[in-house]
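Novice: Each chain, letter by letter, is given below.
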Amino acid sequence: MDNLIDRHKSEKLYVQLFDILKKKIEDGDWPVTSQIPTEEEICRTYEVSKATVRLSVLELVRQGYLTRQQGKGTFVCKRIIPEGLMMSTSFRELMLEAGVNFSTKLLAKTVTMPIDDIDVKLGVPEDRHIIYIRRLRLLDNEPILLQESYIPHHLCPSLLHDDVEDNSLFDLFEKKYGMKITRIVDFIEIAHVTAAEGQVLGLPEGAVAMLLEQHFYAGDTQVMYMRSVKRPERFRFYIEMERK
Amino acid sequence: MSTSKVAKDLMIDVFEFPHIPYWFSIRQAIGIIKKSLLTKEKCLQPMAVLVFDEKYNLVGTVSMKDILRGLEPRFLKPTTKAQGHVADEAGLSVLWDTLFNKESKEMAEKPISDVMTPAKFFVLPDDPITKAAYLMVHNELALLPVLENNKKFVGLVRMIEVFDELSNNILEGRG
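Chains as they are written, first to last, in the working numbering: chain U, 3 to 246; chain V, 45 to 219.
Some hints here could point you the wrong way.
As the list claims (entries may be wrong) - Simulated pairs of lysine-lysine, DSS-like, Cα-Cα distance not exceeding 25 Å:
1) U:K107 - V:K195
2) U:K178 - V:K149
3) V:K164 - U:K74
4) V:K52 - V:K154
5) V:K99 - U:K74
6) V:K175 - U:K74
7) V:K78 - U:K107
8) U:K107 - V:K99
9) V:K109 - V:K79
10) V:K175 - U:K178
11) U:K107 - U:K74
12) V:K154 - V:K99
13) V:K109 - V:K154
14) U:K26 - U:K11
15) V:K175 - V:K79
16) U:K52 - V:K78
17) V:K196 - U:K74
18) V:K164 - V:K154
19) V:K99 - V:K149
20) V:K99 - U:K177
21) V:K149 - U:K74
22) U:K74 - V:K49
23) U:K52 - V:K49
24) U:K14 - U:K24
Just so you know, these hints were derived from the structure itself, not from any lab.
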């Protein structure tokens, strides 16, 4: 049977469990937005350890199949998973930080611990300090984009004292901290704004907006996770890809 | 004999303690306490989370006691100290038990700023330790921020080190 763990296989247990759980999501056994069983229940069903369940679930979170909400549980995402189209993209143009003449209003620059699934999205342990930057981008004084950035504090502690209204984080990483960005992974989806996001962007709660999640890497280290919520209008994406 | 040590000699790094912004809910803070304080092999004392504003200024600290107090149903909170009516205060806690799932879960959505201990008292790096001890004793604090130029948060002084230092003076003075 393909929905059980095979202990004679050479494949690691958590990889097998990952495939089983992924199939449950893809087949709709675990419907979109539903809460998945607890760690203990999954342990019992598949007769594996808690550590195995945890690894598999975290990987599903990292790949965008599941989302964790602190104190509430783990849920199946509404998202469509991009299937391995890998091309070299001139990502500078994709970056919302550069190019357009935004004005920027700094709403917050502080330090926090990761909540929900921020630790997984940023690839840091759950007790790691994180610099949190929340900025509002305006175009002709109209709020257009709400951008939240999460950066592991230990990578660049003095970022807390840098001007991030007039400087792009990208430039600060490369020029000041010597962290050359070598890879960016983007997830783009249509989402509904929360009450708090709506208030800042001038949209009612639940209104449709564009959600862009970006993971920035310098080599193997993820240096930033950025979540941008954009008003749906006045935007056109430019993506250029080149076959290598 | 007075001690010659000052606050900066005893202070510990702020990053020893978990940080959160004031708008996090009590529920989110509980999650952080569990992950950052209750699972660590080395036990950090006092168990506290530092609360900051949007500009990374310290605005308060949160202990487990602050959180439990915040989760208490409203009617259990003593209104005024009624004279001659102190018998069996804990008896009311039976009611908390029955209400815990309903009202306390609602309370857990409140922002942490509602239940934190505001950071009202602090010492400067060159302040004597006795000043830290005085502030701790008179305001029931186990942790005191150290501010540079009355503004920049540079460290924390704990009761543990203050006690250790002052008590050494007492013991040395005996001979």
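Novice: Evaluate each hint against the coordinates.
Specialist: Outcome of the hint check:
Taking the CA atoms of K107 (chain U) and K195 (chain V), the gap is about 23 Å. The hint holds against a cut of 25 Å. Between K178 (chain U) and K149 (chain V), the direct Cα distance comes to roughly 45 Å. Violation of the 25 Å bound is thereby established for this hinted pair. For the suggested pair K164 (chain V) and K74 (chain U), the alpha carbons sit about 34 Å apart, so the restraint of at most 25 Å is broken. A C-alpha spacing of about 35 Å is found between K52 (chain V) and K154 (chain V), which places the hinted pair above 25 Å, so the restraint is violated.
Straight-line distance between C-alpha atoms of K99 (chain V) and K74 (chain U) comes to about 29 Å, which puts the hinted pair past the 25 Å bound. Between K175 (chain V) and K74 (chain U) the alpha-carbon distance is near 44 Å, which puts this suggested pair outside the 25 Å criterion. The straight-line distance between the Cα atoms of K78 (chain V) and K107 (chain U) is roughly 34 Å, outside the 25 Å bound, and the hint therefore fails. With a CA separation close to 13 Å, the supplied pair K107 (chain U) and K99 (chain V) stays within the 25 Å bound.
For the hint pairing K109 (chain V) with K79 (chain V), the CA-to-CA distance comes to about 17 Å; that is within 25 Å, so the pair holds. Only pairs whose Cα atoms come within 25 Å are accepted, and K175 (chain V) paired with K178 (chain U) is rejected, the gap being roughly 40 Å. The suggested pairing of K107 (chain U) with K74 (chain U) is violated, with an alpha-carbon distance near 33 Å, which exceeds 25 Å. Restraint check for K154 (chain V) and K99 (chain V): the C-alpha separation of about 21 Å stays at or below 25 Å, so the hint holds.
Using a Cα cut-off of 25 Å, the hinted pair K109 (chain V) and K154 (chain V) holds, with the two alpha carbons roughly 16 Å apart. Of the pairs offered as hints, the one joining K26 (chain U) and K11 (chain U) holds, with about 21 Å between alpha carbons and a cut-off of 25 Å not exceeded. The hinted pair formed by K175 (chain V) and K79 (chain V) fails the criterion: a straight-line CA distance of about 34 Å is larger than 25 Å. A threshold of 25 Å between alpha carbons decides the hint, and for K52 (chain U) with K78 (chain V) the separation of about 17 Å falls inside it, so the pair holds.
A threshold of 25 Å between alpha carbons decides the hint, and for K196 (chain V) with K74 (chain U) the separation of about 37 Å lies outside it, so the pair is violated. Annotation: proposed proximity of K164 (chain V) to K154 (chain V) holds, straight-line Cα distance about 22 Å (limit 25 Å). With a C-alpha separation of about 30 Å, the suggested pair K99 (chain V) and K149 (chain V) falls outside the 25 Å cut-off, and the hint is violated. At most 25 Å may separate the alpha-carbon atoms for a hinted pair to count; K99 (chain V) and K177 (chain U) meet this at roughly 24 Å.
In summary, the hint linking K149 (chain V) to K74 (chain U) is supported, as the alpha carbons are separated by about 11 Å, within the 25 Å threshold. Distance hint between K74 (chain U) and K49 (chain V) is unfulfilled; the C-alpha atoms sit about 48 Å from each other, more than 25 Å. Straight-line distance between C-alpha atoms of K52 (chain U) and K49 (chain V) comes to about 49 Å, which puts the hinted pair past the 25 Å bound. A C-alpha spacing of about 15 Å is found between K14 (chain U) and K24 (chain U), which places the hinted pair at or below 25 Å, so the restraint holds.
Hint compliance for this structure: hints 2, 3, 4, 5, 6, 7, 10, 11, 15, 17, 19, 22 and 23 are not met, and every other hint is.
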